[in-house]
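The listed protein sequences derive, respectively, from chains U and G.
By the numbering used here, the letter at position 22 of the first sequence is numbered 22, and the numbering carries on one by one without gaps.
By the numbering used here, the letter at position 4 of the second sequence is numbered 4, and the numbering carries on one by one without gaps.
For the record, the hints were derived by calculation from the structure and aren't laboratory data.
Careful, some of the hints might be misleading.
Claimed, not checked - Examples of chain U residues lying across from chain G (beta carbon under 7 angstroms, computed):
hint : residue
1    : Asp21
2    : Ser33
3    : Pro85
4    : Leu86
We treat Cβ as the ideally placed atom computed from N, Cα and C, and that holds for glycine.
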Amino acid sequence: MSSKKRSGFRVVCRCEEVTEDEVRAVIRNGYHSLEEIKRILRTGMGHCGGRGCLKVIARLIEEETGIPIALQKFPSSRPPLKPIPLGQLGSYRNEQEER
Amino acid sequence: MSKKSADAIVIGGGIIGAATGYYLAKRGLKVFILERKFPCAGSTGRCIGGIRAQFTHDLTIRVMLKSIKMFQELHEELGTDVEWYAGGYLFLAFDEARKKSFEQAIEIQRRYGLKVDFISADDCGRIVPGLNREGLLGGAWCPTDGQANPFKVTYGYLEGVKRLNGQVFVNADVKKINLSGTRVVSVETANGDEFFSPIVLNAAGPWASEIGKLAGIEIPVKPDRHEALVTEAIERCLEPMLVDYRADGCYFVQHYGTGHFIGCYTPVPIVPGDSVDASDEFITEMPRRMVRLLPKLASVKVLRHWAGSYEMSPDGNPICGKTPVEGFYVSAGMSGHGFMFGPALGELMAELITTGESSIDLSEFRLDREWSKAEAMK
Ligand SMILES: Cc1cc2nc3c(=O)[nH]c(=O)nc-3n(C[C@H](O)[C@H](O)[C@H](O)COP(=O)(O)OP(=O)(O)OC[C@H]3O[C@@H](n4cnc5c(N)ncnc54)[C@H](O)[C@@H]3O)c2cc1C
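Next up, chain U with everything else stripped away, as it sits in the complex (with noise of 0.2 angstroms):
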């Protein structure tokens, strides 16, 4: 059997690479909340502002402490919502200024 069909290899953060054996570990050290998973593991902090994992984080937590998803608070999600770049972002400044 190959070691990386075993669930705990699943990578639940694309952008940051984290693996579902990562965030079950630091679940299991004290960390229950999404906000400081995200602080020590840096997930919801990569491209995708955390669509593609906080779900998925969040339900790992329930089935590791109990605690319901519906009760858990979500990190804040922080603009841009998609990645823009820096002289594109800064030349809407300047055009601004020309005005």
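Using the hints, position chain G with the ligand against chain U.
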């Protein structure tokens, strides 16, 4: 509702509370850290991780020389990689007055053995390939300054507290401090728990003045808003923290560990209060300033933008030491440099609390000082 006792209670789970708690625990004290939300919920989780000894106040320079030494060894101390990297700090001078003030600062810094020089614009360009040198007169360059990851450092210290028989309480919102005469006795949280200890440290960062009031003590710390952004990770192309002090300047660095660019600026005029709302002004203005300094960043994408608080004391220097209430200490008002001060002030405050004095005399940072010696390299 429970009642528990410890040898020392630390209010605040940011870098200052975590580091001081750790060094107190190392000295054999049973430490409780009480954090209103979760570790790094305050300024520490919003900071950009810069670490430097280039200051103008003698004591600050000495504290930072100690802190940098500690950062260099922190991975061994804590058993975890804190992403310390000595990429240096380059402060840019675009006018004669700034150049002169850097040269004066360098004179003070060298007295303490800091390796720092005023270098030419061309040399700045060699250290930062692609730097826009238009109008640049040169820069104050210190290669031993650097960066580390605030989350890794803070959680590393907290894990250390736990290993050393201490406890970290999250969702522990301190609402009351009980005194017996002029002595501190216990601390109560919003959910009704009471924690007893003869030693209580106020490490509540931007909220230190609120915690002070609970013990009847005035602590002159006022928050103002600072915003920051982070970009996608790209291949390494910037070594130092770049600091541009012009009114429309900014400072940013590339994370050694990950390759993200992270940066911020100080708004003119300042925005008082502890709001963490991110503004439209910043998310357009900051990219313009970054691209002006380093045009090659134009295509790099911004991932997130947020706000946090600087916690200003009246003179821009920390407030560390005892208070008129016996057993009640303060270490706050880091004025935007608390992350880098964390290790040194943590250890020095632990010495002060347990023995009555510290190996570097912190009395210039005491609460009842005259607020006159302002820091020029804020
Ligand atoms: C955008 C930005 C960039 C920065 N860049 C740098 C940098 O490059 N280098 C640097 O050294 N510094 C930097 N700083 C400054 C640095 O973040 C702060 O000085 C430092 O984090 C202060 O640490 P602290 O532990 O004192 O405060 P905090 O991290 O704010 O910790 C205080 C804690 O107390 C808790 N608390 C508050 N009230 C209560 C209560 N009633 N009960 C229990 N707990 C409570 C809070 O929730 C908080 O977690 C930056 C700050 C900002 C905003």
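| task | List, from low to high, the hint numbers that the structure doesn't satisfy. | result | 1
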